[in-house]
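Participant: Spelled out from the first residue to the last, the chains are:
2 protein chains.
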Amino acid sequence: MFDILHRVGIKASSAKVYQALATPEGVAGWWTAETTGDKKAGGMITFRFTDQGRELGVFDMKILELGTDARVVWQVVSGPAEWVGTTIRFDLKQEDDFTIILFKHEGWKEPVEFMYHCNTKWATFLMSLKSLVETGKGQPSPHDVKISNWH
Amino acid sequence: MFDILHRVGIKASSAKVYQALATPEGVAGWWTAETTGDKKAGGMITFRFTDQGRELGVFDMKILELGTDARVVWQVVSGPAEWVGTTIRFDLKQEDDFTIILFKHEGWKEPVEFMYHCNTKWATFLMSLKSLVETGKGQPSPHDVKISNWH
Numbered sequence: 211m212f213d214i215l216h217r218v219g220i221k222a223s224s225a226k227v228y229q230a231l232a233t234p235e236g237v238a239g240w241w242t243a244e245t246t247g248d249k250k251a252g253g254m255i256t257f258r259f260t261d262q263g264r265e266l267g268v269f270d271m272k273i274l275e276l277g278t279d280a281r282v283v284w285q286v287v288s289g290p291a292e293w294v295g296t297t298i299r300f301d302l303k304q305e306d307d308f309t310i311i312l313f314k315h316e317g318w319k320e321p322v323e324f325m326y327h328c329n330t331k332w333a334t335f336l337m338s339l340k341s342l343v344e345t346g347k348g349q350p351s352p353h354d355v356k357i358s359n360w361h
Numbered sequence: 211m212f213d214i215l216h217r218v219g220i221k222a223s224s225a226k227v228y229q230a231l232a233t234p235e236g237v238a239g240w241w242t243a244e245t246t247g248d249k250k251a252g253g254m255i256t257f258r259f260t261d262q263g264r265e266l267g268v269f270d271m272k273i274l275e276l277g278t279d280a281r282v283v284w285q286v287v288s289g290p291a292e293w294v295g296t297t298i299r300f301d302l303k304q305e306d307d308f309t310i311i312l313f314k315h316e317g318w319k320e321p322v323e324f325m326y327h328c329n330t331k332w333a334t335f336l337m338s339l340k341s342l343v344e345t346g347k348g349q350p351s352p353h354d355v356k357i358s359n360w361h
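The listed protein sequences correspond, in order, to chains A and B.
Under the numbering used here, the residue at position 89 of the first sequence is numbered 299, and the numbers go up by one with no gaps.
Under the numbering used here, the residue at position 79 of the second sequence is numbered 289, and the numbers go up by one with no gaps.
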């Protein structure tokens, strides 16, 4: 198995960072504007990506864990084949005046080119999350940072 | 062993992208302004990172491979313990009107927190490389994108 790992520090309380991870409204501000679903463990959440009306992808995830101000874990139930069965974890901790996010998208079966792409995209989305929490403005899809020709 | 993988697409010829990877002057435009050394396989290249005059790190690498317009491979000879012995590869290919970089920093012994940090930093530096080649202006250290409290 192969994992994607990131570490980002956000100058804000863990409560503010958690809010942006644990609710569909929060995630809509930094990952994809089209995020809908539950806000409790055991519930489902759907992330839709479109570009000028064209659907690029839909991910359904189960909320495995919500640990207030400390942890959010999703499991991918449907979406791109490479993602199904993988889990996505956000672990929060305090350091200096930062909330540190240790991010892990774990359980990729092979290090395929799509994983290279997703790794770079996760970095830009986590920077979007940082910007959302620190400045009030993220860059969620469809206005996300474009890194290549991938579609 | 654990690897860092990224994929970025740059709207430019592979010759232009290669130039920014294969020469100290090129790398100085997107990774660290303090890059010096050789531009031939077998030679050495030194990357120095400072912040307001304070030294943060120095990396000495051997240029293992230079494949014109196609590949650059470095091996870390000295630097942070976790980096020593690892290799850093940039493989280029053409797709649409993009040069695609498949980036691999391979051979980490453990997925330590420093690896999480370096993975996110590589993404921002590769976006700096993209910006350098596409617009003429990168964001190399010491004016690189700050992602956290890490030092």
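Rather than coming from a laboratory, the hints here were simulated on the basis of the structure.
Treat the hints with care, as some may be off.
[Said to hold, decoys possible] DSS-like, lysine-lysine: derived pairs with alpha carbons at most 25 Å apart:
#, chain 1, residue 1, chain 2, residue 2
1, A, LYS356, B, LYS356
2, A, LYS347, B, LYS314
3, A, LYS347, A, LYS221
Bear in mind the structure is a predicted one, so any value in this text is a computation, not a measurement.
Participant: All the hints need checking, so say for each whether the structure fits it.
Facilitator: We went through each hint and held it up to the structure:
no. : hint                  : verdict
1   : A:LYS356 <-> B:LYS356 : 19 Å, holds
2   : A:LYS347 <-> B:LYS314 : 31 Å, violated
3   : A:LYS347 <-> A:LYS221 : 14 Å, holds
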